[in-house]
Every structure is written in C-alpha cells, then in structure tokens.
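On the provided structure of chain Y, position chain A as indicated by the hints.
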Amino acid sequence: MTVLQVVALLAVAAGGTATVLVRDPVRQALVSGIFGLQLAFLFFAVQAPDVALSQIVVSTVAVPLMVLLTLVKLNRQEEDE
Amino acid sequence: MRLRPRLVIGTLVLCALGGLLVWAAADLTPFGTPSGDANAVTRALVHERHVANTVNGVTYDLRGLDTLGEELILFVAALGSAVLLRHGRGEAVEARSAEQEPGPRMGDTVRVAGTVLVGPLIVLGVYEVAHGHLGPGGGFQGGVILASGLLLVYAAGQVLALERVEPMALVEAAEATGALAYALVAVGGLVFSGAALFNFLPYGTTGQLLSSGTIVVLSVAVGVEVTGAVALILTELLDQTLLRGAA
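Note that the protein sequences, when read in sequence, are chains Y and A.
The numbering used here puts the first sequence at residues 1 to 81.
The numbering used here puts the second sequence at residues 82 to 328.
Extracted from the complex, chain Y is given alone in its bound form (with noise of 0.2 Å):
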C-alpha cells in the first residue's frame, strides 16, 4: 500500500465522519460533495478509474444538487402552508 493510498484512506475517514456530524441539510449536501471527491480520489488510489470517474460526477454534482434542489421545493411548500 502506497502513501497515496493511506492519505486518500484517512481522507475518505475523516470525510465520511463529517459528513455525518454536519446537522443541517444544506450544509450536509455540500458537504457529501466534498466526501464523494474524496471517494473518488481513493478509487483512482487503487487504480479503478472507472469507478473513480463515476462517482466524480454522481456524488459531487448529481446527489448534492438533487438534494438542494428537493430541499428548495420542500420549503417553497412549507412557506405555502
């Protein structure tokens, strides 16, 4: 195991912690973001590109995005109310 991969190891530990520790759920999805970077960071670590390129966009940009955006609608309907 190289040092690439205990760094991206320790990261995706410490990432995954915070992302749980984070309450608020705007912040959490921002967050989840950052986590799934360092997911993918790991994954190109242990030489899966494939599976690294995938997750850049699936957790950085498509998961956040779909909870801000469910988020957005759900307190439009709350204010509504």
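Because the hints were derived from the structure by calculation, they are not lab data.
Some hints here could point you the wrong way.
Unchecked claim - Sample of chain Y residues lacking proximity to chain A, with all beta carbon distances greater than 12 Å (derived):
# : residue
1 : 28
2 : 30
3 : 34
Unchecked claim - Distance windows between CB atoms, simulated:
#  : chain 1 : residue 1 : chain 2 : residue 2 : range
4  : A       : 147       : Y       : 76        : 16 to 24 Å
5  : A       : 87        : Y       : 16        : 18 to 26 Å
6  : A       : 106       : Y       : 79        : 43 to 51 Å
7  : Y       : 76        : A       : 105       : 23 to 31 Å
8  : A       : 104       : Y       : 25        : 29 to 37 Å
9  : A       : 258       : Y       : 16        : 34 to 42 Å
10 : Y       : 71        : A       : 272       : 42 to 50 Å
11 : Y       : 24        : A       : 128       : 50 to 58 Å
12 : Y       : 63        : A       : 290       : 26 to 34 Å
13 : A       : 272       : Y       : 5         : 45 to 53 Å
14 : A       : 208       : Y       : 3         : 41 to 49 Å
15 : A       : 204       : Y       : 79        : 37 to 45 Å
Every residue, glycine too, gets a C-beta built ideally from N, C-alpha and C.
Just chain A now, kept in the frame of chain Y:
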C-alpha cells in the same frame, strides 16, 4: 430514557458489523495481486473480444444481461420521478404566468465559469461514451458527464434559451432510444447467434475505435440512455424549483 437502550443496541450492531467486515477482509487476496481468475478474464477479453478495457468487457459482454437490468432500472426510476414531479406542474405554471419572472439571475462568476466549461465538458462526455472499450470510462460515466453539461447551461444563466429549445422532448427521446437500442442489440444476439446479448458483430483490431463488436455499440447506447435519464430527472427538478419558481 429512550436514548440509552438505542445507543447500546446501535453500538452492539456496529461492533458486530465491524467484526464481520474485518473477518471478510482478512480472507481477501493480498492487495495489488489479482487472482488467477481475474488474469484469465483479462486475457480472454483482450484476445477473444479485442476490448482493451476489461471493466467494460465484463459490463457489456460477459455480464451484459446485468447491465440490461441496471439500465432498465435507471429508465424506470427516471420515468417515475418525472411522473411524480409533473404531478405538481399545473399550479407552478399558474404561478409563473402571474409573475412573468424569467428565473433567478446567477452571479457573474458562476455564469462565466459555466459558459467556459460547457464546451470542454461535452467534448469529454462524448469522448468517454465513444472510447469506453479502449480506456477508463464508458457509457455510464460519459452519460452522466453529458447530463451535467446541461446543468452548466443552467448555471450560465441560459434558462430562457433552454426554455425556448424545450429540451424535455429531446431528453425523453434520448432516454427511450438508448434503452431501446440496448434491448435491440440483445435481441440481435438472439437472432444472429442464438443467444441473447451474444457479441455478434466483427471484433476488429484491439485498440481501434471500431473494435470489440457489440461492446462499443452497447456503451454508446447506455451513454445516450444515461444522458437522457439523468437529464430528465434534473430538468424536472430544475423546472419545478428554478424556472417556474416564485423564489
């Protein structure tokens, strides 16, 4: 009072799960040394199918049926969320016509970054879709990259342009076409070789753009389908919250 038993049970379950994971990981082959099976698969795919990327050789050939199932799951998921989100569209349209608001204006930095990145991102996405059999990437990765290109158009503040072009019809057509193309290749294997998803096209030379038989065709089909599906989900969500929203 309720918190304590919950904590105890949670800790116990997590410890048990951790123990199982360590037990399973201890039995794996040492890191960085593929087992004999993995080497055999790589050799078989390179020599028999002329595909340089083993991962996509497995995804679109050896396990092509699994990918067909996955692709249909994504198809149905996108369809389901579109149906759910369109349920509330009527009221939103009324709110919009009352205000005639063209949507929120993005910050200048976001607009410039979005405009600059949209071209390279689409080129990268098309490259990924077309070269899945040669290097890392493939239909799924390229498709998601292409769909996020649509997001950049939104980020660049081109909401009005998108509204005029009405990407919804195109996106829906892409999703359906991709799924249908994959199913047709599966049927093609049945017709030409007697087995569904059999690689019935000429394999060509390893490393050429037109090689690996149906693998590259399936990769492109999945690329079109994923672009459509992800773009459909995102367009519906954006449609509800950004375009027609009374923010």
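Say whether it holds or is violated: residue 28 of chain Y keeps its Cβ farther than 12 Å from all Cβ of chain A. 18 Å, holds
45 to 53 Å as the expected CB spacing between residue 5 of chain Y and residue 272 of chain A, which holds or is violated: Cβ of residue 272 of chain A to Cβ of residue 5 of chain Y: about 47 Å, so the range 45 to 53 Å holds.
Hint says 16 to 24 Å; check whether the CB-CB distance for residue 147 of chain A and residue 76 of chain Y agrees. Given range 16 to 24 Å: violated, Cβ gap about 40 Å.
Range hint 18 to 26 Å: satisfied by the CB atoms of residue 87 of chain A and residue 16 of chain Y? This hint holds: roughly 21 Å between Cβ atoms.
Does the hinted range 26 to 34 Å hold for residue 63 of chain Y and residue 290 of chain A at CB? 32 Å, holds
Residue 272 of chain A and residue 71 of chain Y - C-beta distance against the hinted 42 to 50 Å: For residue 71 of chain Y and residue 272 of chain A the Cβ distance comes to about 49 Å; the hint holds.
Residue 34 of chain Y remote from chain A - nearest C-beta pair above 12 Å: For residue 34 of chain Y, whose nearest Cβ neighbour in chain A is about 17 Å away, the distance exceeds 12 Å, so it holds.
Satisfaction of the hinted span 41 to 49 Å by the C-beta atoms belonging to residue 208 of chain A and residue 3 of chain Y: 31 Å, violated
Taking 50 to 58 Å as the stated bounds, is the beta-carbon spacing between residue 24 of chain Y and residue 128 of chain A within them? With Cβ atoms ~54 Å apart, the hint holds.
Take a look at whether the Cβ-Cβ distance between residue 106 of chain A and residue 79 of chain Y falls inside 43 to 51 Å. At roughly 49 Å between Cβ atoms, residue 79 of chain Y and residue 106 of chain A fall inside 43 to 51 Å, so the hint holds.
Measuring from beta carbon to beta carbon, are residue 258 of chain A and residue 16 of chain Y in 34 to 42 Å? 38 Å, holds
Go ahead and decide if the range 29 to 37 Å is satisfied by the Cβ distance of residue 104 of chain A to residue 25 of chain Y. 35 Å, holds
Violated hints for the displayed structure, listed by number in ascending order: 4, 7, 14.
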